[in-house]
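Asks: Sequence:
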Amino acid sequence: MTKQNLSGPAPSDYPPIRTVNELFLRVARSKRPQAMLWQDADGAWEPISSQEVYRRVRSLALAFQAWGIVHGDRIAILSENRWEWAVTDFAVLAIGAVDVPVYPTLTAEQVGELMRDSGSRILVVSSRAQFDKVQSVRATTALEHVILMDSTDVPSGAVAFASLMTGASETDPAFDALVESIQPTDLATLIYTSGTTGEPKGVMLTHGNIASNTSVSTRGFGFSSKDSCISFLPLSHITARALDYAMMFSDASVAYCPKFDELPARMKEVRPTVFVGVPRVYEKIRQGVEQKSSVSPVKKRILAWAVKTGGRFREAIHDRKQPGSPFWKIANKLVYSKIQEAFGGRVTTFVSGGAPLGMNTGNWFASVGISVLEGYGLTETSPVIAINTPQAHRMGAVGKPIAGVECKLAADGELLVRGHGIFQGYWKKPEATREVIDPEGWFATGDIARIDDDGFLYITDRKKELLKTSGGKLIAPQPIEGKLKANTLVAEAAMIGDRHKFAAVILSPNFAALEAWAAQQGITASSRRDLIAVPRVVEAYAEIVDKVNAGLANFETMKRFRIVPEEWKLETGE
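Numbering-wise (my numbering), the sequence shown opens with residue -9 and increments by one.
What the hints contain is simulated information worked out from the structure, not anything from laboratory work.
It cannot be assumed that every hint is accurate.
To be verified - Each computed DSS-like pair below joins lysine-lysine, with the alpha-carbon atoms no more than 27 Å apart:
1) K453 with K418
2) K290 with K274
3) K463 with K418
4) K249 with K216
5) K454 with K419
6) K249 with K311
7) K328 with K258
8) K458 with K419
9) K298 with K274
10) K258 with K289
11) K249 with K290
12) K453 with K323
13) K319 with K290
14) K249 with K289
15) K21 with K216
16) K463 with K491
17) K323 with K298
18) K298 with K282
19) K491 with K549
20) K274 with K319
21) K549 with K454
22) K298 with K319
23) K328 with K311
24) K282 with K258
25) K249 with K298
26) K463 with K453
27) K289 with K328
28) K289 with K274
29) K398 with K419
30) K298 with K328
Input sequences plus hints: build the corresponding full structure.
Replies: Given below as structure tokens:
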């Protein structure tokens, strides 16, 4: 039994592209001087024209064919974001092969497991360090060739990427015919889930899954050849890849940034018009602003006044209107414009996805003149299910379903989705597939949701993450964790307490902010472990927890907390 059913707009006018290969040909034939941007060894930004993209893709695709790669074979990519990633992706798909993106921070053992499970015959890696990692497990895999993107220090056992870029630049009708022969039902990619709830599962997405989602996910945004974005979220995740595809689909330029810590400088150099980040990116930016202002009592008061002033005009900001208030204009000159400049000064569209943004973070950015449009999706949905647009948006919601997507709620509030983007199943795991896709094609997202009367979708929590106390009370941890992380001193928060009498929380500090705060307080410590044990520090975090507790029901309140000395990372397992 379902509680509510919601369908997106009628799909009568999509998809403009049927396969990812049609997107590649669209890019190749666009005759643009800078379809992609990359940085050379001297730090200068260099363009790659649409014709050059075609030449490089064709060259690599011919090399794959010369090695005997045929339709359906798997080729893996282990790399940070760079132009070679995109060229490899297009080259693999051009000949009907399947690419397997691999997160670059995985261990050698984890990479080996994915190579064995996918049966990949070729692996394209970014650096010597990545090559060495793979080489240690290569004998246990079916890998026949390893291609190295970096042109220097190419070891024995590796093939230099540059050596494969030898094809002629003119159009090749035979190659184009092969590219066009790939069908929407053909498998395009295997994207492995993180495996935090069990062994990694390869999500099978077809050309049609991705192409249809690409065609409709950015309707209403009006992106064009005048737009640009920086590709910095890991391309091994579907969110980043979908963004790149959407930009290319709109004739916009994509600039590649391989290292997240380089992003602030790159934004000022590229000056993008579109910025898409996960909530943690926005949280870190907010914390950086607040931390920078805290060094001076005057700056701290100015920021607080500006945020309070901007709070009165949030609705106008979300509607992309500039308030006429003289106070807002003063705050804009003193504060808001400076924050905009940190993004390069030209961003007109801010989007958040990958996890719930949180009302606190969304409201803060609106209060400093930035409307962040939240979207929602999963790897299994190619990825976009719903997204706020400049024309239809609501704070706290993840938008309305995109064209061709149906949503309904199960009796327990779980969101069920059906449509063009639903994946074909988990690689070699039919039982796991049947657990999440019913005979009618409804995919169980695992997210608890609600739908308002106007059709906006709200994600309230993960079904498996709901905490049930021994007293039978259900606690949704994500909104509470979001409130804790809104404080500058908190980097991560994890509530615990399932089947216990009460809830507790583990806090990972934002050590840059904590160490700066400690210095202002005259607190010294020889290590992070010693720092978090200082009574005044413990008291500061107790105050943060108490402040959040004040707005919660009694059964939701955190009765205990623990501060840990580690920063949580994917590669270390937290």
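Asks: All the hints need checking, so say for each whether the structure fits it.
Replies: Hint check:
no., hint, verdict
1, K453 with K418, "holds (25 Å)"
2, K290 with K274, "holds (17 Å)"
3, K463 with K418, "violated (38 Å)"
4, K249 with K216, "holds (25 Å)"
5, K454 with K419, "holds (21 Å)"
6, K249 with K311, "violated (34 Å)"
7, K328 with K258, "holds (12 Å)"
8, K458 with K419, "violated (30 Å)"
9, K298 with K274, "holds (20 Å)"
10, K258 with K289, "holds (23 Å)"
11, K249 with K290, "violated (30 Å)"
12, K453 with K323, "violated (44 Å)"
13, K319 with K290, "holds (19 Å)"
14, K249 with K289, "violated (30 Å)"
15, K21 with K216, "holds (14 Å)"
16, K463 with K491, "holds (10 Å)"
17, K323 with K298, "holds (15 Å)"
18, K298 with K282, "holds (18 Å)"
19, K491 with K549, "holds (10 Å)"
20, K274 with K319, "holds (26 Å)"
21, K549 with K454, "holds (22 Å)"
22, K298 with K319, "holds (13 Å)"
23, K328 with K311, "holds (19 Å)"
24, K282 with K258, "holds (18 Å)"
25, K249 with K298, "violated (34 Å)"
26, K463 with K453, "holds (14 Å)"
27, K289 with K328, "holds (13 Å)"
28, K289 with K274, "holds (19 Å)"
29, K398 with K419, "holds (26 Å)"
30, K298 with K328, "holds (17 Å)"
Going through the hint list in order, the structure does not satisfy hints 3, 6, 8, 11, 12, 14 and 25.
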